[in-house]
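Colleague: Letter by letter, the chains look like this.
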Amino acid sequence: MSTPFYVSPQQAMADRAEYARKGIARGRSLVVLQFADGIVFVGENPSRALHKFSEIYDRIGFAAAGKYNEYENLRIGGVRYADMRGYTYDRADVTARGLANVYAQTLGTIFSSAAEKPYEVELVVAEVGETPEGDQIYRLPHDGSIVDEHGSVAVGGNAETISTYLDQRHEDGMSLAEALKLAVQALSRDTNGSEREIPAERLEVAVLDRTRPQQRKFKRIVGRQLQRLLEADGASTAAEAEDPEESAGEE
Amino acid sequence: MDFLSAHRPEMLPGNRQLPPTQGVIEAPHGTTIVAVTFAGGVVLAGDRRATMGNVIAQRDIEKVFPADEYSAVGIAGTAGLAVEMVKLFQLELEHFEKVEGTTLSLEGKANRLSTMIRSNLGMAMQGLAVVPLFAGFDVDHDRGRIFSYDVTGGRSEEHGYAATGSGSLFARGAMKKLFHKDLTEGQATTLVVQALYDAADDDSATGGPDVARRIYPIVTVITEDGFRRLTDQESSEIARAILERRLEQPDGPRAELL
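Here the protein sequences line up with chains A and B, keeping their order.
Mind the numbering: the first sequence is residues 1 to 251 in the working numbering, read in order.
Mind the numbering: the second sequence is residues 252 to 509 in the working numbering, read in order.
Hints are computed from structural coordinates only; laboratory data are not their basis.
Just to be clear, a hint being listed does not mean it is correct.
To be verified - Here are the simulated lysine to aspartate or glutamate pairs, DMTMM-like style, with alpha carbons at most 25 angstroms apart:
1) A:219 with B:348
2) B:338 with A:83
3) A:67 with B:409
4) A:67 with B:351
5) B:432 with B:409
6) A:219 with A:149
7) B:338 with A:58
8) B:338 with A:93
9) A:22 with A:195
10) A:219 with B:320
11) A:219 with A:90
12) A:219 with A:83
13) A:219 with B:499
14) B:427 with B:409
15) A:67 with B:348
16) B:338 with B:475
17) A:219 with B:409
18) B:432 with B:389
19) B:338 with B:409
20) A:219 with B:351
21) A:22 with A:37
22) B:427 with B:499
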């Protein structure tokens, strides 16, 4: 007869967190940025079918890094929650805060339940307001905590390097093309500091655009439109080329 | 809801036995809806009157709703049930789109609506029928299409034009004489308002353009650019132009005899 080893709760939790973090770190990173007219989601995604970003409700978008089947499950749960809320009460009664709370509860319960393995996902729930001040971005790590973010947020494998890079360069009131360019620059930085090129066809881009006349503000940016936006900042490289050089000097 | 449907399905609102009633239940009823296809899409329009027996229950009711980006539904019959049905229909289409990442086909949407009408059959037998008209732009086939229904959920595709509600007979007669295959969008919107005018002319439950209160029919257009509802300004201009001509010719435009 063997007696099971005693594992302290602290150690057990640390192990679970370690497991989840490693799982998330295997996936590619994605970033969510505020820009003048809303919120933009940018990520590297070789697949055209398996999306990392999705519409939840009129003004609410969802982004996830980590294991696809796990976050897809959470996404569908979120859509169901939002649609039920909106149908039972009113469309205005569906908020990102409420949704983030539901996600936090779900992730937290799974994380601390000994019977299940923790989810290897990190989520971002964003809601676009009538004005930039009304924008809300929540980051939900694997353990069920909620972090209220402003300006920019990065999740996934290389999140720390990317978010430091973004924090230094993100400004309020950027245009969509500027924000997109910054996001792509941030995503193309590797852990060791080197840079690589991410072609447009490997990018997944979506926006929550408050200027959209429709009730539903979520929109994917694909094909020609994405190309145009990426080229728009390509054309103005002369002015913006100074930027990375300057920062390189600082470092 | 899930718990209830698993354990006591008869307790759900839709499954509850209705107490027997004497006579017809008095509830506001919506009246006439018309639709017509044109070269680049389809127009769906409705008058603004709701009646309860011989009383006008509401003068400015809205009976045409967008179902999603490329389709719309117009309702005739018991207003309360119909509006609820449309709300659920809109929700289902949007839910499907978000979960699956793709929109339903136009046929798929029409079939779903058919099932919803059939589930209301019990109420319909009590005099609370809902008979919508569904119109949309079929992006796969690149044309506007119209589907009409009966109370049992029977669905049939209409070619050219269709009408439902109490004034539908008169509206259909008018459209039959005015419709032709090469209508432009502008002509199609005028045609539906003409048809509604004729319906209001002969059916007491259908409301005509109310110039004094500035209440005009709701006219919606669905093309490859999506759903668009004409502004009050646009629809009042159409209605006023028709009214102007009808002052000289009360029965409206005349078709040729042969």
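Colleague: Decide if the proposed pair is consistent with the structure: residue 219 (chain A) and residue 149 (chain A), CA atoms, cutoff 25 angstroms inclusive.
Modeller: Within the cut-off at roughly 22 angstroms; holds.
Colleague: Taking 25 angstroms as the top limit, are the C-alpha atoms of residue 432 (chain B) and residue 409 (chain B) close enough?
Modeller: 14 angstroms, holds
Colleague: Against the 25 angstroms threshold, does the CA-CA distance of residue 219 (chain A) and residue 409 (chain B) hold or violate the hint?
Modeller: Cα-Cα ~33 angstroms, so violated.
Colleague: Hey, residue 219 (chain A) versus residue 348 (chain B), does the alpha-carbon distance stay inside 25 angstroms?
Modeller: With a Cα-Cα distance of about 13 angstroms, the restraint between residue 219 (chain A) and residue 348 (chain B) holds, given a limit of 25 angstroms.
Colleague: Is the hinted pair residue 67 (chain A) and residue 351 (chain B) satisfied, with a Cα-Cα distance of at most 25 angstroms?
Modeller: 18 angstroms, holds
Colleague: For the pair supplied as a hint, residue 338 (chain B) and residue 93 (chain A), confirm whether the alpha-carbon distance does not exceed 25 angstroms.
Modeller: Within the cut-off at roughly 16 angstroms; holds.
Colleague: Is the Cα-Cα distance between residue 338 (chain B) and residue 58 (chain A) 25 angstroms or less?
Modeller: Judged against 25 angstroms, a Cα distance of about 15 angstroms means the pair holds.
Colleague: Do the alpha carbons of residue 432 (chain B) and residue 389 (chain B) lie within 25 angstroms of each other, as the hint requires?
Modeller: Given pair residue 432 (chain B), residue 389 (chain B) holds - Cα atoms ~17 angstroms apart, limit 25 angstroms.
Colleague: Given the hinted pair residue 219 (chain A) and residue 351 (chain B), is their alpha-carbon gap at most 25 angstroms?
Modeller: 15 angstroms, holds
Colleague: Given the hinted pair residue 22 (chain A) and residue 195 (chain A), is their alpha-carbon gap at most 25 angstroms?
Modeller: 23 angstroms, holds
Colleague: Does the alpha-carbon distance linking residue 427 (chain B) and residue 499 (chain B) stay inside the 25 angstroms limit?
Modeller: 22 angstroms, holds
Colleague: Within a Cα-Cα threshold of 25 angstroms, do residue 338 (chain B) and residue 409 (chain B) meet the stated pairing?
Modeller: 24 angstroms, holds
In the structure shown, a violation is registered for the earlier hints numbered 3, 13, 17, 21, in ascending order.
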